[in-house]
Amino acid sequence: MAERNLQVEICGVKFKNPVIAASGTFGFGREYAHFYDIGLLGGVSTKALTIAPRRGNPMPRVAETPSGMLNAIGLQNPGVETYLAEHAQWLKSTGTTVIANIAGATVEDYVAVAERLNGAPVDMLELNISCPNVKQGGVAFGTDPKQVEYIVREVKRAAGQPLMVKLSPNVTDITETALAAQQAGADALSLINTLTGMEIDVHRRRPLLANVTGGLSGPAVRPVALRMVYQVCRKVQIPVVGMGGIMTGEDAVAFMLCGARAVMVGTANVSNPNACPEIIKGIEEYMIRHDIRDVNELVDALMV
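Residues in the sequence shown are numbered consecutively from 1, following this note's numbering.
FYI, nobody ran anything at the bench for these hints, they're computed from the structure. Ideal placement from N, C-alpha and C gives every residue a C-beta, glycine not left out. Any given hint might turn out to be false.
Computed cross-link-like contacts, EDC-like style, restricted to lysine to aspartate or glutamate with a CA-CA straight-line distance of at most 16 Å [as the list claims (entries may be wrong)]:
#1 Lys16 x Asp123
#2 Lys156 x Asp123
#3 Lys135 x Glu108
#4 Lys235 x Glu176
#5 Lys135 x Asp109
#6 Lys146 x Glu176
#7 Lys156 x Glu108
#8 Lys281 x Asp291
#9 Lys14 x Asp123
#10 Lys92 x Asp37
#11 Lys146 x Asp173
#12 Lys235 x Asp300
#13 Lys156 x Asp109
#14 Lys16 x Glu3
#15 Lys235 x Asp173
#16 Lys92 x Asp123
#17 Lys281 x Asp300
#18 Lys16 x Asp37
#19 Lys281 x Glu250
#20 Lys14 x Asp294
#21 Lys156 x Glu115
#22 Lys16 x Asp294
#23 Lys281 x Asp37
#24 Lys281 x Glu3
If you anchor each label on the Cβ, the simulated ranges turn out as follows [said to hold, decoys possible]:
#25 Gly79 x Gln7: 30 to 40 Å
#26 Pro58 x Pro121: 28 to 38 Å
#27 Lys135 x Leu40: 37 to 47 Å
#28 Pro273 x Gly56: 19 to 29 Å
#29 Glu9 x Glu284: 35 to 45 Å
#30 Glu278 x Asp201: 32 to 42 Å
#31 Pro121 x Pro273: 18 to 28 Å
Modelling step: build the complete structure from the supplied sequences, incorporating the hints.
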């Protein structure tokens with residue numbers, strides 16, 4: 001049987017396959033290393049890193065929904081210094097490509113984290129711009145193209161690694177924020193982040209989440225995510241990584257057909273800790289079934 005090439009490259013960074021564990025549901029990889037060799041993955045995007053540790057939002061902060069889940073974790077993390085001291089070398093030693101997801105409450109916070117990661121064992125940065133900007137009344141950075149352009153430009157100046165910008169879907173036209181990020185110097189884009197939603201316990205007449213609203217993810221959002229990836233890939237000239245409800249190899253293939261160079265898998269890891277290796281296997285099985293030698297042949301191969 002002829003060998004299948006699953007390797008992909010995004011802004012000069014090589015991934016052994018197009019499946020990346022998404023930020024938020026994979027921690028720093030240690031928990032999943034009990035289930036399989038995470039060096040098998042194309043990459044791992046870390047839990048969001050902030051300049052100082054964060055305790056996150058009060059509980060309850062996760063709720064199951066039809067075909068998905070809501071979360072309002074609040075970017076709980078030990079801070080960038082603890083990541084560098086206790087996790088960075090270990091994660092890099094697994095042999096996977098490492099993406100550091102960075103977050104903050106001000107532009108200065110983001111810049112400080114990016115600067116601290118200069119020279120660290122990190123292959124790429126992922127800018128989480130769905131965070132509320134405390135200097136602009138709590139409006140998320142990622143919902144205003146002008147703010148997107150400003151924060152991306154400032155972080156790009158500080159970054160020592162290629163910069164991927166994670167786009168929020170909670171906008172009227174996601175192509176506007178995509179173009180703003182590209183204009184400001186982003187090397188790649190990832191999308192979509194979670195959709196804002198809520199769920200109600202009608203018997204208690206209370207929201208299920210202490211935070212009232214949270215981010216909706218899982219298979220319920222996949223059609224929206226596919227549409228947004230398709231639209232963005234037709235507007236920008238930089239690579240796109242797609243995510244949103246990917247549960248199977250065929251789900252991943254759908255995003256690549258829409259133009260994504262790689263995919264990120266998030267919520268699937270919560271329901272199935274072996275989701276990522278199973279999705280890699282599913283992509284390879286699809287390639288064999290359709291006699292595709294190189295996974296890159298799938299990128300933007302949708303027939304419309």
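(request) List, from low to high, the hint numbers that the structure doesn't satisfy. (result) 17, 29
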